Amino acid sequence: MRQGDQQVPVPSASPPAPSPHSPDPGAPIQASPWRRRDRLPLWIVLVACAVLLLVTMTLGVGIGSVSLSPRAVWQVIVDHLAGHPKNTVADAIVWQIRLPRVLLAAVVGAALTTAGTVVQVLVRNALADPFLLGISSGASVGATAVLLFGAFASLGIWAVSFGSVLGALAAMAAVFLISRTRHQLAPTQLILVGVVLSALFESVTSFLIFRGNPQATQSVLFWLLGSFGNANWAQLPIPAIALVVAMGYLLSQGRPLNAFAMGAEPAASLGVDVHRLRRNLFVVTSLMAGVAVAVSGVIGFVGLVVPHIVRLIVGSNHRRVLPVGVLFGAAFMVLGDLLARTIVAPQEMPIGVITAFIGAPTLIVLIRRRPYLYGATQ
Amino acid sequence: MSLDLIGLSVDIGGRRIVSNIDITVPDGRFVGLLGPNGSGKSTILKAIYRVHHPVTGQVLLDGADLLAMRHKDAARRIAVVSQESTVEFDFTVLEMVMIGRTPHKGPFDRDDDKDRAIVAEAIERVGCEDMTHRSFNTLSGGEKQRVLIARAIAQGADHLILDEPTNHLDIRYQLEVLELVAGFGMTVLAALHDLSLAALFCDTVCLLADGVIVTSGPPKAVITAEMVRHAYGADVLVVEHPETGTPHLIPRRSAREGLPLSGPVRPPQIQ
Numbered sequence: 001m002r003q004g005d006q007q008v009p010v011p012s013a014s015p016p017a018p019s020p021h022s023p024d025p026g027a028p029i030q031a032s033p034w035r036r037r038d039r040l041p042l043w044i045v046l047v048a049c050a051v052l053l054l055v056t057m058t059l060g061v062g063i064g065s066v067s068l069s070p071r072a073v074w075q076v077i078v079d080h081l082a083g084h085p086k087n088t089v090a091d092a093i094v095w096q097i098r099l100p101r102v103l104l105a106a107v108v109g110a111a112l113t114t115a116g117t118v119v120q121v122l123v124r125n126a127l128a129d130p131f132l133l134g135i136s137s138g139a140s141v142g143a144t145a146v147l148l149f150g151a152f153a154s155l156g157i158w159a160v161s162f163g164s165v166l167g168a169l170a171a172m173a174a175v176f177l178i179s180r181t182r183h184q185l186a187p188t189q190l191i192l193v194g195v196v197l198s199a200l201f202e203s204v205t206s207f208l209i210f211r212g213n214p215q216a217t218q219s220v221l222f223w224l225l226g227s228f229g230n231a232n233w234a235q236l237p238i239p240a241i242a243l244v245v246a247m248g249y250l251l252s253q254g255r256p257l258n259a260f261a262m263g264a265e266p267a268a269s270l271g272v273d274v275h276r277l278r279r280n281l282f283v284v285t286s287l288m289a290g291v292a293v294a295v296s297g298v299i300g301f302v303g304l305v306v307p308h309i310v311r312l313i314v315g316s317n318h319r320r321v322l323p324v325g326v327l328f329g330a331a332f333m334v335l336g337d338l339l340a341r342t343i344v345a346p347q348e349m350p351i352g353v354i355t356a357f358i359g360a361p362t363l364i365v366l367i368r369r370r371p372y373l374y375g376a377t378q
Numbered sequence: 001m002s003l004d005l006i007g008l009s010v011d012i013g014g015r016r017i018v019s020n021i022d023i024t025v026p027d028g029r030f031v032g033l034l035g036p037n038g039s040g041k042s043t044i045l046k047a048i049y050r051v052h053h054p055v056t057g058q059v060l061l062d063g064a065d066l067l068a069m070r071h072k073d074a075a076r077r078i079a080v081v082s083q084e085s086t087v088e089f090d091f092t093v094l095e096m097v098m099i100g101r102t103p104h105k106g107p108f109d110r111d112d113d114k115d116r117a118i119v120a121e122a123i124e125r126v127g128c129e130d131m132t133h134r135s136f137n138t139l140s141g142g143e144k145q146r147v148l149i150a151r152a153i154a155q156g157a158d159h160l161i162l163d164e165p166t167n168h169l170d171i172r173y174q175l176e177v178l179e180l181v182a183g184f185g186m187t188v189l190a191a192l193h194d195l196s197l198a199a200l201f202c203d204t205v206c207l208l209a210d211g212v213i214v215t216s217g218p219p220k221a222v223i224t225a226e227m228v229r230h231a232y233g234a235d236v237l238v239v240e241h242p243e244t245g246t247p248h249l250i251p252r253r254s255a256r257e258g259l260p261l262s263g264p265v266r267p268p269q270i271q
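In order, the protein sequences belong to chains A and B.
No gaps in the numbering here: position 297 of the first sequence is 297 in our numbering, and each next residue is one more.
No gaps in the numbering here: position 142 of the second sequence is 142 in our numbering, and each next residue is one more.
What the hints contain is simulated information worked out from the structure, not anything from laboratory work.
A quick note: this is a predicted structure, and the numbers were derived from the prediction, not measured.
Warning: the hint list may mix true and false statements.
To be verified - Quick look at which bits of chain A chain B covers, simulated, 3 or more residues with Cβ under 8 angstroms: (1) 124 to 135; (2) 260 to 269; (3) 305 to 318.
Claimed, not checked - For lysine to any residue, the following SDA-like pairs were computed, each having C-alpha atoms within a straight-line distance of at most 20 angstroms: (4) B/Lys-105 with A/Ser-252; (5) B/Lys-72 with A/Arg-279; (6) B/Lys-220 with B/Phe-201; (7) B/Lys-220 with B/Ser-196; (8) B/Lys-220 with B/Leu-249; (9) B/Lys-72 with A/Glu-265.
We put the beta carbon where it would ideally sit given N, CA and C, even for glycine.
This is chain A alone, in the form it adopts within the complex (with noise of 0.2 angstroms):
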């Protein structure tokens, strides 16, 4: 697997000289703790989960029930770039089928991690994720009452996505008010809420689904498990261009966001203005995971597993983590929904069901190795 080759330490891979002496020569002891097994210099990292990327687009576009070369793949993306498109068959398979829903794949795993990061800090547990919490789930509430109902209509063709965000944020206020004990959060209930209203949002999608029409078991099985089948460029400035601006923002805040995953009063204690940070996080948040529900449905665990795997690799320095992730998460998306529609071809398998089979073992897996955050005595 690529990913496997991704996580092998390269210890001697020539760090980029990060001027490692101590600025006073006759203080010595200071130069020795910066040699030593250092994490991974980022910019390492950032080029394989770009090349690993790359690799992953190429094969979603090329592989299908007609494959074509990666060569073949990037000829009609050049030409298109030129703006020369040839009318040939491979124009139209890789230009109006699978490349929007290969980037749409990508940009909707990068925005997932992105929240689920986001979340874990919001909570101080390495094991929350939009999805364990019922905000995806919400989401997907909000998309289909549009849908349905025809809410927000004036908002044209944001209204989908503006509903998602919407059952998003009240999904999320909704779990963090239940399960908020006095002062603080405890994970279990959290977790545990998060569980309960999760199931509860789903059976309202799907309620509300089979009253707009009885023979709607497919548009079910989109919301709650998740899709790219019906993927097309239409839909991809909005998440692409929330996933921006909510980079955008983070990447501003990640000194704020280390401080913050101490716990709200150290963060306090180091200058952050607590109360904002938290409330600006519960909104990117939401709209992350609103816009991604709103165009692929629910897709569980990729919050959960892809920053697991990126904190593996970078550590927790947030700084590190989310533009990793944000690669890391659109490749992992990319491969997913590639199985997804060739493991049972010329069937398509819900995305969802391929995340959860990577996802429910790596959660397990977690959990038995801290069980002390879910109300076991230490």
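Fit chain B to the given chain A structure using the hints.
Just chain B now, with coordinates in the frame of chain A:
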């Protein structure tokens, strides 16, 4: 120059937790905040670093209103070390201490050579050089506390707030932590649990009971058997530390255990 709390009252959940607190911490002094569990020690400290908002009163830092300052500016003057806490994420010691630089950095600033030098020096001052690249979560309680002190040093503040920093630590680390902090010459306001330890390290102590300051002054004047009985409801002997002359507590068993309580109390012989 001093850190002054003037008439500070704090409510939590509609209940008055501390009222009318006056404390002055002159520069370079070590002031201890004593009192039983729930007497409001932490609440007072948290009002200083903005976890709680006082309903009345002021916090002045060198005469300026601390709570009106920007969050970052306040954090550049006052750092906090509280009870050893768990961190759910994997940070190395180096990364933990670098987090202390947070109030000095803008949104997209990278760690520069100056930050690295400050962080390396902070790690050195607490003697954690050999664990620089270890994961914070793999450290012992005492080691974690030293790293958190290094983080406070890297924060570059001249005031330090300690919120029961020696809780859950054994006697060696309790002494080590306080010795370390006292050695920096910073201005310290510390909530402490152990009265004998407090007497050893503090220049002034304030004794709290039920959210009000009962008495304050030099440890010798404050830590007396009557005061401890009054504030803690506990029966103790207070003797002089044979080396420093500071008050030292000796617990007694209650009369119900069949031990004589009446009669003159003779200080025990200590060699």
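Here is what the structure says about each hint:
1. 124 to 135: Held - the region 124 to 135 of chain A has 3 residues with a Cβ nearer than 8 angstroms to chain B, which meets the minimum of three.
2. 260 to 269: Our answer is that it holds, as 8 residues pass the Cβ test (under 8 angstroms) against chain B, meeting three.
3. 305 to 318: holds (count 4)
4. B/Lys-105 with A/Ser-252: At roughly 11 angstroms apart (the allowed maximum being 20 angstroms), A/Ser-252 and B/Lys-105 satisfy the hint.
5. B/Lys-72 with A/Arg-279: holds, 18 angstroms
6. B/Lys-220 with B/Phe-201: holds, 12 angstroms
7. B/Lys-220 with B/Ser-196: The given pair, whose Cα atoms are some 11 angstroms apart, holds under the 20 angstroms limit.
8. B/Lys-220 with B/Leu-249: holds, 12 angstroms
9. B/Lys-72 with A/Glu-265: The given pair, whose Cα atoms are some 14 angstroms apart, holds under the 20 angstroms limit.
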